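Chemist: Sequence:
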Amino acid sequence: MPPSSAALAESTRPRGKGRPRTSETAAPSLVEILNLIRSERATTRQALERESELGRAVVADRLQLLSDLGLVDESELGLATGGRAPRLVRFSARRGLVLVATLDQTAIGVGVSDLSGNLLTEHHEAADLTAPASHLAGSLSALFTWCLERHATPTAPWGISLSVPGTVPTGRDAPFLTATPPVLPAWEGFPLVETLTRQFGVPVWIRSSVETMTMGELHAGAGLGLRSMLFIKVGRRIGAGIVCDGQLYRGAQGAAGLIGALPVVSDGVTGTLDMMAGSDMIQREGRAAAEDGRSPVLADLLRRGAEITPIEVSQAAQVGDAAAAVIFSKSGHLIGQVVATLANALNPEMIVLSGTLVQTNDNLLAGIREAVYGASHPLVTRDLRIIRSQMGSSAGLVGASRVASEALFAPGFLKDWILQGKPTMHPDFVAFRAQADKLGGPPSTTAPPSRPERGTQ
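Residues 1 to 457, numbered by our numbering, are exactly what the sequence shown covers, in order.
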């Protein structure tokens with residue numbers, strides 16, 4: 001719980017040499033110490049003194065205040081190394097929760113994470129992203145409320161983070177969203193961000209699915225501990241997440257990694273990588289192979305009235321249908337050529353491939369690998385690993401939680417709420433929430449529908 005007014009008043013009094021005379025002067029060192037603890041760069045008082053270069057009295061003072069605010073815990077003992085066992089300083093990741101969601105064309109995933117980005121629960125169900133935005137907002141609100149009700153402890157959410165299919169423009173010096181970005185046509189004119197803020201009273205962030213999946217893979221998947229990585233998502237659109245020096249690179253407008261717009265040539269025809277190698281091409285070519293009889297498996301499906309989708313083409317390739325295998329091999333080689341260019345420019349330690357088609361089709365994976373290894377410099381490929389993602393639909397949820405935790409504890413944002421104990425007391429957010437409440441009326445109190453247990457963990 002946040003400290004009482006008396007405790008905060010006490011923290012503003014002179015406490016001796018080296019200690020601040022006002023709480024405002026303590027904020028920068030509080031921010032530094034909390035982030036050292038949160039990132040686990042320092043886990044004892046001695047390590048904090050060394051890393052922060054602050055005196056023992058100052059570190060002790062800041063730790064006491066952080067403990068009063070409920071942001072750190074010193075109840076655990078570490079290993080003794082010749083003397084008394086030190087007390088470990090841990091970040092209280094359960095001090096608040098983050099509500100996360102991934103929105104796909106045909107599915108929606110929701111979850112709850114702690115403040116360190118660890119996913120605590122998740123649920124997935126079918127959805128139509130082309131439905132009116134008001135329906136989407138209602139579904140999200142109901143699912144988020146249901147997720148919160150499943151938690152035994154009454155911990156309040158501190159933020160909402162959404163993963164969406166489209167590119168999300170970079171906000172200039174904005175710690176959280178104050179308007180719904182123009183990401184999807186169905187959202188045009190609908191205040192989704194304002195609605196969620198009004199309903200849950202927390203800041204909202206939105207990032208592209210490629211970015212959140214890259215963040216998830218980097219912090220909880222195969223990319224854990226890597227400094228450089230490429231994440232390639234293959235679907236109707238083909239995008240790349242770029243990790244440089246351990247950080248996601250977004251570009252000037254948040255549009256880094258739009259490799260699907262790059263031109264490629266196949267059989268004398270020039271088009272974008274999306275058009276020439278994405279799932280629309282696979283469906284189109286699969287249908288043609290079924291109609292002209294080149295693919296016996298797909299032709300049989302067509303005769304029986306089945307729809308030829310990329311999944312059917314993939315399954316046909318996996319059971320040895322030559323025409324279907326050629327389609328996926330062609331897609332893989334075109335994607336691999338573009339990825340090889342990125343690899344030569346960035347020299348990543350690992351390339352992680354994701355998307356339903358990559359996960360289920362060996363021909364596509366083999367085509368990408370062959371093209372990358374064949375078109376890249378030997379130094380680039382000497383230790384390069386090209387693997388499938390093992391996180392599946394959880395990657396976007398985990399990444400979305402990391403987006404929120406990084407924003408909540410960014411020094412520029414943190415310094416203005418840390419003494420209040422929670423980010424919803426940040427002055428800019430208080431002002432925005434008042435504006436959202438005024439425009440939208442009182443927060444909704446509609447009870448969510450009951451949700452199935454299936455799909456949760």
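Hints were generated in silico from the structure; no laboratory data involved.
All values derive from a computational prediction rather than experimental measurement.
Just so you know, even glycine gets a beta-carbon here, dropped at the ideal spot from N, CA and C.
The reader is advised that the hints may include incorrect statements.
[To be verified] Distance windows between CB atoms, simulated: (1) His135 <-> Pro182: 52 to 62 Å; (2) Val269 <-> Pro182: 53 to 63 Å; (3) Arg41 <-> Gly374: 37 to 47 Å; (4) Arg304 <-> Pro182: 22 to 32 Å; (5) Ala288 <-> Pro411: 23 to 33 Å; (6) Ala179 <-> Pro427: 14 to 24 Å.
Chemist: Each hint should be assessed against the structure and marked as holding or not.
Modeler: Against the structure, the hints:
no. : hint                          : verdict
1   : His135 <-> Pro182: 52 to 62 Å : 19 Å, violated
2   : Val269 <-> Pro182: 53 to 63 Å : 32 Å, violated
3   : Arg41 <-> Gly374: 37 to 47 Å  : 41 Å, holds
4   : Arg304 <-> Pro182: 22 to 32 Å : 43 Å, violated
5   : Ala288 <-> Pro411: 23 to 33 Å : 56 Å, violated
6   : Ala179 <-> Pro427: 14 to 24 Å : 19 Å, holds
Violated hints for the displayed structure, listed by number in ascending order: 1, 2, 4, 5.
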